[in-house]
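Residue numbers (our numbering), protein chains in the order written: chain A, 3 to 662; chain B, 25 to 205; chain C, 141 to 490.
In case anyone wonders, no lab produced these hints; they're calculated from the structure.
Even glycine gets a Cβ: it sits at the ideal position worked out from N, Cα and C.
Incorrect hints may appear among the rest.
[To be verified] A short, non-exhaustive set of chain B residues, derived as facing chain A with CB atoms under 7 Å:
| no. | residue |
| --- | --- |
| 1 | A59 |
| 2 | L76 |
| 3 | G96 |
| 4 | Y117 |
| 5 | F126 |
| 6 | Y132 |
| 7 | E133 |
| 8 | G134 |
| 9 | P137 |
[Stated by the list, open to error] Here are the computed lysine-lysine pairs in the DSS-like style, where the Cα-Cα straight-line distance is at most 30 Å:
| no. | chain 1 | residue 1 | chain 2 | residue 2 |
| --- | --- | --- | --- | --- |
| 10 | A | K474 | C | K347 |
| 11 | C | K169 | A | K474 |
| 12 | C | K157 | C | K169 |
| 13 | C | K286 | A | K463 |
| 14 | B | K152 | A | K108 |
| 15 | A | K340 | C | K286 |
| 16 | C | K157 | A | K463 |
| 17 | A | K526 | B | K152 |
| 18 | C | K347 | A | K470 |
| 19 | A | K214 | A | K167 |
| 20 | A | K440 | A | K422 |
| 21 | C | K286 | A | K470 |
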Amino acid sequence: MSRIGVFICYCGSNIAGTVDVEAVAEMARTLPDVVHVETNKYTCSDPGQEGVRNAIISHEIDRVVVAACSPRMHEPTWRKLLADTPVNPYMLEVANIREQCSWVHKDREVATAKAMDLVKMAVAKVARLQPLHSTEIPVHKKALVIGGGIAGMQTALDIADAGFKVTIVERETSLGGKMVMLDKTFPTMDCSACICTPKMSEVGNHPNITVKSYSEVENVSGYIGNFEVTIREKAKYIDYNLCTGCGACETKCPQKVVNDFEQGMSERTAIYKMFPQAVPAKPVIDAAHCRKLAQGKCGVCAKVCPTGAINYEDEDKLTTETYGAVVFATGYKLIDWKPLYPEYGGGAYPDVITGLQFERLVNASGPTEGHILRPSDNSEPKDVVIIKCVGSRDPNKGKAYCSRACCMYSAKHAHQYLDKVPDGRCYVFYMDVRTPGKGYDEFYMNTLHDGAQYIRGRVSKIYQEGGKLICKGEDTLTSQQVTVEADMVVLETAMVPADGIDELAAKFTVGRDADSWLVEAHAKLRPVETNTAGIYLAGTCQGPKDIPDSVCQAGAAASKVIGLLNKDVLQSNPQISHVNEAICQGDGACVGICPYGAIQIVQKTFRENSRKVTRPVAQVNPGLCQGCGACTVTCRAGAMDLLGYTNESIMREVDALCQW
Amino acid sequence: MSVVEANKTAQVGVPDSWEPKVIAFCCHWCTYTGADLAGLNRMNYPANVRVLRIPCSGRMNPQYVIEALNKGCDGVLVCGCHPGDCHYVTGNYYARRRMMIFKRLLEYEGLEPERFQVRWISGAEAGKFRDTVMSVVEQVRALGPLNLTREIPQFELPAVPDGQEAFNAVPEEVMPEEVSA
Amino acid sequence: MMKYAYFPGCSAETTGKSFTISTSYVADKIGVELVEIPDWNCCGTSAAALTSPELAVALPARSLAISERELPGLDVVAPCAGCYRSLKASLAYARESQENRDQIKRIINAPYEAKADVLTLLEVFESDDVREAITAKVQRKLRCLKVACYYGCAMVRPADVCECDNVEDPQQMDELMRLIGAEPVSWAFKTECCGAAQQMTVPVQAKPMIERIFQNAAANGADCIVTSCPLCMLNLDMREAEINAARVARGEEPFDIPCYYFTELIGLAMGAEPDEVGIGIHFHPAKTLLLQRELDALELEYAENEARAAEERKKAEMAAKIAAKKAEKAAKAAAAKSTDVAAEAEEVAR
Numbered sequence: 003m004s005r006i007g008v009f010i011c012y013c014g015s016n017i018a019g020t021v022d023v024e025a026v027a028e029m030a031r032t033l034p035d036v037v038h039v040e041t042n043k044y045t046c047s048d049p050g051q052e053g054v055r056n057a058i059i060s061h062e063i064d065r066v067v068v069a070a071c072s073p074r075m076h077e078p079t080w081r082k083l084l085a086d087t088p089v090n091p092y093m094l095e096v097a098n099i100r101e102q103c104s105w106v107h108k109d110r111e112v113a114t115a116k117a118m119d120l121v122k123m124a125v126a127k128v129a130r131l132q133p134l135h136s137t138e139i140p141v142h143k144k145a146l147v148i149g150g151g152i153a154g155m156q157t158a159l160d161i162a163d164a165g166f167k168v169t170i171v172e173r174e175t176s177l178g179g180k181m182v183m184l185d186k187t188f189p190t191m192d193c194s195a196c197i198c199t200p201k202m203s204e205v206g207n208h209p210n211i212t213v214k215s216y217s218e219v220e221n222v223s224g225y226i227g228n229f230e231v232t233i234r235e236k237a238k239y240i241d242y243n244l245c246t247g248c249g250a251c252e253t254k255c256p257q258k259v260v261n262d263f264e265q266g267m268s269e270r271t272a273i274y275k276m277f278p279q280a281v282p283a284k285p286v287i288d289a290a291h292c293r294k295l296a297q298g299k300c301g302v303c304a305k306v307c308p309t310g311a312i313n314y315e316d317e318d319k320l321t322t323e324t325y326g327a328v329v330f331a332t333g334y335k336l337i338d339w340k341p342l343y344p345e346y347g348g349g350a351y352p353d354v355i356t357g358l359q360f361e362r363l364v365n366a367s368g369p370t371e372g373h374i375l376r377p378s379d380n381s382e383p384k385d386v387v388i389i390k391c392v393g394s395r396d397p398n399k400g401k402a403y404c405s406r407a408c409c410m411y412s413a414k415h416a417h418q419y420l421d422k423v424p425d426g427r428c429y430v431f432y433m434d435v436r437t438p439g440k441g442y443d444e445f446y447m448n449t450l451h452d453g454a455q456y457i458r459g460r461v462s463k464i465y466q467e468g469g470k471l472i473c474k475g476e477d478t479l480t481s482q483q484v485t486v487e488a489d490m491v492v493l494e495t496a497m498v499p500a501d502g503i504d505e506l507a508a509k510f511t512v513g514r515d516a517d518s519w520l521v522e523a524h525a526k527l528r529p530v531e532t533n534t535a536g537i538y539l540a541g542t543c544q545g546p547k548d549i550p551d552s553v554c555q556a557g558a559a560a561s562k563v564i565g566l567l568n569k570d571v572l573q574s575n576p577q578i579s580h581v582n583e584a585i586c587q588g589d590g591a592c593v594g595i596c597p598y599g600a601i602q603i604v605q606k607t608f609r610e611n612s613r614k615v616t617r618p619v620a621q622v623n624p625g626l627c628q629g630c631g632a633c634t635v636t637c638r639a640g641a642m643d644l645l646g647y648t649n650e651s652i653m654r655e656v657d658a659l660c661q662w
Numbered sequence: 025m026s027v028v029e030a031n032k033t034a035q036v037g038v039p040d041s042w043e044p045k046v047i048a049f050c051c052h053w054c055t056y057t058g059a060d061l062a063g064l065n066r067m068n069y070p071a072n073v074r075v076l077r078i079p080c081s082g083r084m085n086p087q088y089v090i091e092a093l094n095k096g097c098d099g100v101l102v103c104g105c106h107p108g109d110c111h112y113v114t115g116n117y118y119a120r121r122r123m124m125i126f127k128r129l130l131e132y133e134g135l136e137p138e139r140f141q142v143r144w145i146s147g148a149e150a151g152k153f154r155d156t157v158m159s160v161v162e163q164v165r166a167l168g169p170l171n172l173t174r175e176i177p178q179f180e181l182p183a184v185p186d187g188q189e190a191f192n193a194v195p196e197e198v199m200p201e202e203v204s205a
Numbered sequence: 141m142m143k144y145a146y147f148p149g150c151s152a153e154t155t156g157k158s159f160t161i162s163t164s165y166v167a168d169k170i171g172v173e174l175v176e177i178p179d180w181n182c183c184g185t186s187a188a189a190l191t192s193p194e195l196a197v198a199l200p201a202r203s204l205a206i207s208e209r210e211l212p213g214l215d216v217v218a219p220c221a222g223c224y225r226s227l228k229a230s231l232a233y234a235r236e237s238q239e240n241r242d243q244i245k246r247i248i249n250a251p252y253e254a255k256a257d258v259l260t261l262l263e264v265f266e267s268d269d270v271r272e273a274i275t276a277k278v279q280r281k282l283r284c285l286k287v288a289c290y291y292g293c294a295m296v297r298p299a300d301v302c303e304c305d306n307v308e309d310p311q312q313m314d315e316l317m318r319l320i321g322a323e324p325v326s327w328a329f330k331t332e333c334c335g336a337a338q339q340m341t342v343p344v345q346a347k348p349m350i351e352r353i354f355q356n357a358a359a360n361g362a363d364c365i366v367t368s369c370p371l372c373m374l375n376l377d378m379r380e381a382e383i384n385a386a387r388v389a390r391g392e393e394p395f396d397i398p399c400y401y402f403t404e405l406i407g408l409a410m411g412a413e414p415d416e417v418g419i420g421i422h423f424h425p426a427k428t429l430l431l432q433r434e435l436d437a438l439e440l441e442y443a444e445n446e447a448r449a450a451e452e453r454k455k456a457e458m459a460a461k462i463a464a465k466k467a468e469k470a471a472k473a474a475a476a477k478s479t480d481v482a483a484e485a486e487e488v489a490r
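So that you can see chain A by itself, here it is in the shape it has in the complex (with noise of 0.2 Å):
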């Protein structure tokens, strides 16, 4: 027998000025279960609050229903205020008789009516709640930060700067990412190794910050403050506690092999450090050119190897360890155009190079030392076509969104080429010039003040004559066809989601749009977060963005990592997803359907008609249930709940609005 205790509030004339509040409180007298009414002034007030107090004690009161504002008001105030009495926080139910009724009413009848209603409906509920327990999640002070670019540096910087400890998982043998293989940034031209560089050794001697270069996530399970992650760190054949970083290996390794981080214009060993800054500062071998690995035959860099750290016998290593969060910092990589634009060559000319490999030829310890020479003939081009939207803003061969950093970086190359090659001319083939930002728009006018030409058509086509690579295009402002001969290209290319990131994502349950960049929880108000509780975004893996903003980024992901971690334990919402075992079919409909894969299909030993019976039934992971509801109606034998709203509250709350 359920003893319901109710409270209305006049909230000054706010409601009594429309509400004949005596005559509910009259009403509600009559309901059954109802043990006392009060009514008060300002029930929210604190000797309105004391009020509630006491008569809970003195009635010995275990339900309570508070007729006042909207419960996305005051609900928290009531839940706080019961948590302090002997009645559990959730056998509460608030009747919204302002907002939704004094307020939009002006008939003092009708107003009074509804409002008995609501308090009617009210009381049906809050018989029919069931206490409910919040549990404790406890949380391991530890983040994961997935990529190990400027980023996820960040990130792990402001994470372990505020004394937790951090892992980074980089897929590369070296932290550095995209930024480490620019030459300069802008709109200040720093150069980019200066200021990113030594982000990475700071990043490599943190002592709260553990490096996993030439690693990847393996697996995933578990839940905010619990993510239970393995990682797999591929074999380095060589042991880096003996290694000095000393790089005799590398000048005696005899296999040459395409040097990937020279964007494929120049060549490496096969034992290697992806370049001379590289943190950490050990080399590894790659073991699908080396000689010795691939055909047994060589160990040059054994025999050379001053401290014995070469191995060849290494293994991949997996280690298991548990994460109180998860920062992804996966960054982008650039489209592969070559498919998507024959009209420009697609590939078959040499001297059409990309943004990133014009950033090597133009970068002073790149291929070419930081002289200006095009690929074909190393000599140095005086005429430079700059092509914007590559890939870009093209939904008919590559994405429709803007790749945002291109029309910058894009004055930045023209504005380096000038200044290397000061007889030398430069077109740039545009759609817009979108320069919002810090010093951005100053930086293009002083590009075109360098000289810079441009032209505001895209290239439609690109053909070789002559030694000379012949631009066709348009200049939309005149109207009239523009020819070009250049004699280098550079292609500014959208920004795409790195390799690997469905697969990585979809471990984490993290959502991605149609093209692949992560989604944040809500595109203004929640833009660190995702919609796995514990999960969050950094830099350009949510969507192509330049360094200023992905630093940005970085931080405040770290600021949610640190609220987070800073707390020993979590309070868990109790109001989720329930399920009734002994009707459950464990037909795992509930399963596909829950967005935050909240629920497994475990397999139970039960006693039915007295037998043990193992069958499959539904499981509801509390710390991942974000109590939406959707599961319980999908579930064709209705045993799926959702506590707080289950089923016959609803019902009962149906039914007692159906009496009016």
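Guided by the hints, dock chains B and C onto chain A, whose structure is given.
For chains B and C alone, coordinates are given in the frame of chain A:
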């Protein structure tokens, strides 16, 4: 006699004092918020509607609608977030699919389409909430009371065992020795 | 025996005559039967599209409907690229929906279900059977002939209608040319518009369109242009002289790049005389180059034979030398042995 025909015959004796009853199932995150905003803006709308709060339109079980119509409501309104805006990512998509099929079923059974409506109203659309309520109430008023001549069999919920101990089916592993013996 | 419904198009008996002649020559040889669609009509080309969109789909559909009735089960071949594009666009429209088909049926007043496919001649030649047949019939390979395969614009665009997977760099014709021993060059104007439609109206814009096709072919080392479109052929072949005159007036080198249909070259490789496949009726002289290249091929063959013979001679000499050395060694060994034996004998005697 179909439901509609029965309804039409029933119209004859409608008292002047009859007021339509409409129940609105509203998602906590959007329409319920919009309804609150309508209150804050002191908008006026007919009191014939009663709002029942659900956490998400994806929680909306068709059996609630049957119960409401069966127990004397004249119309039912289900409101959720605009497609693409669900607080729980996909709940309103499920709602859209389920309610669309269910609406067809109700119409096949003879219910007038105006008596069961689904609308997407965001937390900012107080005006849209008011307009929706007004138009639904007027449409239902024009149809007159819903007079079901035949009982729609009441959907019986699976029996919920009494008391806390039976709240959960007890798995074998955690059963005390003497119980399983 | 492969059988197709044949839509000749209006150029077949006029400007594209040599295409018709060479096609029937090659088709005969390789066992492809082309049955002309009875009472076919003009495909409508760009003129119909400018008049009314309904006319543009209905005109080709009438011929296709006749083919469907009279030649059931046969796919339609349209050698002319312009005809192909019109027929294919009409077919794509008809296949889009039942409503579209009903609309066409109403206009042409005949049953039409859009069953048969529309193919270019190149697509017919793509099949393995045809390739094998060509390989079997080739009598002399057109070695030393560097060809720029020119597909034109109408066979590949619009890409979704023509279902072409490589709009910028198609390969079918290049592969056929390789099959008969010619050497296709890699160039950039394979599917560029030749400006045929504008030659009469805006020659100032259209002339350079032809010129740069020749220009790029020459720059990439092509001897000739090979095409599969009568309109491109007419345009390039007929206007080369005009272009050359303008070039000479500007003080530039004139081009000497004859144009051929790909079927002409295949016929030639199968042993036809140039006149048999229509090469004699081109505007730009087209026989000299072939003779020249034939001589080159003979020379090349001779040189290759010489080289092979020299190689063999060298090998033989080497073998002989090795044999001689071996024999010498053996003789020495034998001599040594015999002296040993003699010495032994002496010893024994002593």
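Hints, verified against the model:
Interface restraint check for B:A59: the shortest CB-CB distance to chain A comes to about 5 Å, inside 7 Å, so the restraint holds. At its closest, the beta carbon of B:L76 sits 6 Å from a beta carbon of chain A; the interface hint therefore holds under the 7 Å criterion. Checking B:G96 against chain A by beta carbon gives a least distance of about 5 Å; that is within 7 Å, so the hint holds. Violation of the interface hint for B:Y117 is found here, the shortest Cβ-Cβ separation to chain A being roughly 9 Å, above the 7 Å cut-off.
Given the 7 Å rule on beta carbons, the hint for B:F126 is violated: about 10 Å separates it from the nearest Cβ of chain A. Violation of the interface hint for B:Y132 is found here, the shortest Cβ-Cβ separation to chain A being roughly 20 Å, above the 7 Å cut-off. At a threshold of 7 Å, the smallest CB-CB gap from B:E133 to chain A is about 19 Å, leaving the interface hint violated. The beta carbon of B:G134 is not positioned within 7 Å of any beta carbon in chain A (closest approach about 20 Å), and the interface hint is therefore violated.
With its C-beta approaching chain A no nearer than about 21 Å, B:P137 sits outside the 7 Å limit, and its interface hint is violated. A C-alpha spacing of about 17 Å is found between A:K474 and C:K347, which places the hinted pair at or below 30 Å, so the restraint holds. The suggested pairing of C:K169 with A:K474 is violated, with an alpha-carbon distance near 43 Å, which exceeds 30 Å. For the suggested pair C:K157 and C:K169, the alpha carbons sit about 19 Å apart, so the restraint of at most 30 Å is met.
Under the criterion of a C-alpha separation no larger than 30 Å, the hint pairing C:K286 with A:K463 is consistent with the structure, at around 24 Å. Between the alpha carbons of B:K152 and A:K108 the distance comes to roughly 20 Å, so the proposed pair stays at or under 30 Å and holds. Taking the CA atoms of A:K340 and C:K286, the gap is near 27 Å; set against the 30 Å cutoff, the hint holds. As the CA atoms of C:K157 and A:K463 are separated by approximately 33 Å, the hinted pair breaks the 30 Å bound.
Pair hint A:K526 plus B:K152 holds up; C-alpha atoms about 23 Å apart against a cutoff of 30 Å. Note on C:K347 and A:K470: the hinted pairing holds, with a Cα-Cα distance of about 22 Å set against a maximum of 30 Å. Between A:K214 and A:K167 the alpha-carbon distance is near 13 Å, which keeps this suggested pair within the 30 Å criterion. A hinted pair counts as satisfied when its Cα atoms are at most 30 Å apart, and A:K440 with A:K422 qualifies at roughly 26 Å.
The hinted pair formed by C:K286 and A:K470 meets the criterion: a straight-line CA distance of about 22 Å does not exceed 30 Å.
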